[in-house]
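**Student:** Each protein sequence line maps, in turn, to chains A and B.
Going by my numbering, 61 is the number at position 61 of the first sequence; the sequence numbering is gapless.
Going by my numbering, 158 is the number at position 158 of the second sequence; the sequence numbering is gapless.
Since the hints were derived computationally from the structure, they do not count as laboratory data.
It is possible that some hints are incorrect.
[Stated by the list, open to error] Lysine to any residue pairs mimicking SDA-like chemistry, simulated, CA-CA at most 20 Å apart:
| no. | chain 1 | residue 1 | chain 2 | residue 2 |
| --- | --- | --- | --- | --- |
| 1 | A | Lys228 | A | Thr394 |
| 2 | A | Lys266 | B | Lys91 |
| 3 | B | Lys91 | A | Val404 |
| 4 | B | Lys96 | B | Glu29 |
| 5 | A | Lys266 | B | Lys99 |
| 6 | A | Lys209 | B | Lys261 |
| 7 | B | Lys234 | A | Lys209 |
| 8 | A | Lys209 | B | Lys263 |
| 9 | A | Lys458 | A | Ser420 |
| 10 | A | Lys209 | B | Lys206 |
| 11 | A | Lys411 | B | Lys234 |
| 12 | B | Lys234 | A | Ser420 |
| 13 | A | Lys266 | B | Glu262 |
| 14 | B | Lys263 | A | Leu201 |
| 15 | B | Lys234 | A | Ile391 |
| 16 | B | Lys234 | A | Phe241 |
| 17 | A | Lys12 | A | Leu192 |
| 18 | B | Lys261 | A | His350 |
| 19 | B | Lys56 | B | Met72 |
| 20 | B | Lys91 | A | Pro397 |
| 21 | B | Lys206 | B | Lys263 |
| 22 | A | Lys209 | A | Glu174 |
| 23 | A | Lys411 | B | Thr233 |
| 24 | B | Lys234 | A | Lys228 |
| 25 | A | Lys400 | B | Lys96 |
| 26 | A | Lys360 | A | Pro397 |
| 27 | A | Lys209 | B | Asp84 |
| 28 | B | Lys263 | A | Gly349 |
| 29 | A | Lys135 | A | Leu201 |
| 30 | A | Lys209 | B | Leu83 |
| 31 | A | Lys195 | A | Gly303 |
| 32 | B | Lys99 | B | Asp128 |
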Amino acid sequence: MANMSLHKVKMKEVDPVVRSGNFEEVAMGYTLEEAMEEATRCLQCKHKPCVSGCPVNVRIPEFIEALAAGDIETAYQVLTSENKLPAICGRVCPQEKQCEERCVRAIKGEPVGVGRLERFVADYYMEHFNGKQEKATTNGIKVAVVGSGPASITCAGELAAKGYEVTMFEALHELGGVLVYGIPEFRLPKDLVKKEIQKVLDLGVQVHKNVIVGKSITVEDLVEDGFKSIFIGSGAGLPRFMNIEGENLNGVYSANEFLTRVNLMKAYQFPYTNTPVNAGDKVAVVGGGNVAMDAARTAKRLGASEVHIVYRRSEEELPARLEEVHHAKEEGILFDLLTNPVSIQGENGHVAGMTCIRMKLGEPDESGRRSPVEDPGSEFSMPMDTVVIAIGQTPNPLIKNTTVGLSVNRKGCIVVDEESMETSLENVYAGGDVVTGAATVILAMGAGKKAAEAIHAKLTQQTQE
Amino acid sequence: MYEIVSKKKINEQVEMMEIKAPFVARRCEPGQFVILRVTETGERIPLTIADYDREKETVSIIYQVVGKTTQMLSGMEAGESLLDFVGPLGKASDLKPHKRVLGIGGGVGAAPLYPQIKKLHEMGVAVDMILGGRSAEYVILEDMFKEVSDNVYFATNDGSKGIQGFVTDVLKTLLVEGNTYDEVIAIGPLIMMKAVVEITKPLGIKTAVSLNPIMIDGTGMCGGCRVTVGGETKFACVDGPDFDGFQVDFDECMLRQTFYKEKEAHACRLDQQKPE
Ligand SMILES: Cc1cc2nc3c(=O)[nH]c(=O)nc-3n(C[C@H](O)[C@H](O)[C@H](O)COP(=O)(O)OP(=O)(O)OC[C@H]3O[C@@H](n4cnc5c(N)ncnc54)[C@H](O)[C@@H]3O)c2cc1C
Ligand SMILES: Cc1cc2nc3c(=O)[nH]c(=O)nc-3n(C[C@H](O)[C@H](O)[C@H](O)COP(=O)(O)OP(=O)(O)OC[C@H]3O[C@@H](n4cnc5c(N)ncnc54)[C@H](O)[C@@H]3O)c2cc1C
Ligand code: SF4
Ligand code: SF4
Ligand code: FES
Ligand SMILES: [Mg+2]
């Protein structure tokens, strides 16, 4: 008999007061008992609505069934047959808009905590089993993968498992893309990201860090060097600014810079680590997505006494994961909704304040979203010493600018065939944020997997010819 | 890991290293730079590629010891390795087949200037050079510049080499004497580049400068290196580091460079312990 509780088994979290002073992970995860109990809330639906809500079709009821029976090893095998980075997805997927949204239990009460269970199985397996991956026998065909974010990691892993000689080129000194430079430690511990990625690399992926495709080596060079297929998963790493007065004052950061200093360079351990960050005391973060929530919560942890989220639409439109908004509020982040910056004021070259204007929601546009319009005469100013701009990112044009014949759209996103992920250049594929613009981890993984299948199909055909 | 193939002291504060870096050596051009990291807890700092050897797969850097990271770098010896070394970054200098060019190098700024002057010389351009520094021993790379320039002039603050004064004093003299140049390339402290432009701009002598804002990734990802050029925001790491000196907002650059002054001094003084 299924567990008919309307609520998910509670997951322990560090107290908001304690956690907003450190970078430890906030959500502590389930114990085995808690996980097994939550697993019994799953009704094992025959038509599996949850599975169709997951972009990579994780076999949700099957892994939960094994978990409910206490068979973690099987649960892990089922889970990772579709998702190679479960410890990560369990933590950062917007479940409420994906798998859990479709769960039948959500009709009355809370859905099954699919994400939490996924996280549990991955963590438990890593801690207790740590089975070594078997390397496939190599087929001698060289494939290059550009970038090391979730799209590239997934693509590399899938191809290595099939025997391809995969070489990964990453611009930064760490692997993981946004998982290491963007998403903070308190939401996604970096040791865990490392381990999860290492498991994929153990399948036999060769790695070159500190290599920028388009600078250190070009796509053309890669073809000349004998790579039969190339996958580009370079993400959407170019920060957008607002083009308002005062944006180049000291104290104005892009979210990318702010988060990179703190996450990748570990500025929160300064001076033990040597990269500084100046968070300031009064901080405004402009934007309403995950990136904005992460920047705001990070500023708080660096000691800011007052942190504002400044967002031009209303709460309903906040694009961030529900859990992040909830956690941010618990930690005392202030939400200035329907508010938009107009200019930033400075003193001696440093931010001193920000002038904003109130917004009203107008008529719904084609997408059905009500677009914000300025409320004339409602300008007001807020004293600030730091402004973090988190209003979105677009793909970095480096690769496009150095690759003749690579088509991109108006927004600079690489254009691909949706079935194969192949670009305008034969045997050059792309996927993840560089194709879609800033999206999600799981969508990037899905794209990497799809490309790997298409690469395999085409190379198999080509070698047979 | 990137092996230090050789290391040489140029003066009390300036050192040169040759680093094994196949990916950088393969494609680098004058005007480009690298970003390096010495240790796991270290920061990423940009340094210009002073010279390169494609056959040996090596790249040379010349750095002045000014703070924490350059001190750590200075503590490394040939045979040891740097943890990270990425490049080539930035745009290659746009070196035109001019008749005559004047190079102005202030202090360690002479280092990034060298590969450009060398290349111009190889292109058959006549080059004059002004080298400046606090005193004689801060004037670097004299011999290397002499090999690739027609004339090398000097200016030091204390008069221990060349005239007593600034590089701009030599510049003025050269122009008053009737020397003409198709272009001036000035690299050094921002205040020096600004002073050079104040002289060349009214005369309409095209002047290229190289900006050195604070950087992290060097790939256009953080926007920390933004500078205002011709009223527009540019990212120095991808749109530069060379810019048309007439268009640069030097005052903004100078302010932005000081953003971490306090913390940098702190990093330098402290013996760091791992926090709990
Ligand atoms: C702060 C923040 C929080 C987020 N939170 C969430 C969340 O909670 N849930 C969620 O699902 N999604 C979240 N996202 C979005 C998610 O992280 C991205 O959609 C996802 O990482 C995209 O994966 P990717 O593989 O396409 O690219 P990325 O993760 O961006 O990786 C691209 C990699 O390519 C490298 N690269 C770029 N150019 C080159 C080059 N020329 N040569 C070599 N290497 C190159 C980059 O250095 C980087 O490592 C968040 C994003 C940010 C910034
Ligand atoms: C494109 C470029 C090329 C450069 N080429 C050379 C070179 O060939 N030789 C050379 O000696 N120096 C060069 N520099 C400057 C060099 O990067 C700094 O001297 C170095 O980062 C100082 O680090 P530190 O920790 O030793 O000193 P700190 O005490 O930390 O800093 C001293 C000063 O250096 C600057 N600085 C600090 N951190 C950075 C950073 N991450 N990026 C850029 N500047 C920073 C700031 O103005 C700071 O006030 C270059 C800078 C740029 C941007
Ligand atoms: S990968 Fe994400 S969407 Fe799919 S089941 Fe797991 S948590 Fe849900
Ligand atoms: S929809 Fe919900 S209850 Fe049904 S199988 Fe999926 S997770 Fe279980
Ligand atoms: S250094 Fe980050 S964008 Fe230039
Ligand atoms: Mg420093």
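**Student:** Tell me the hint numbers this structure goes against, listed in increasing order.
**Tutor:** 1, 2, 5, 6, 7, 8, 10, 12, 14, 19, 21, 24, 25, 26, 31
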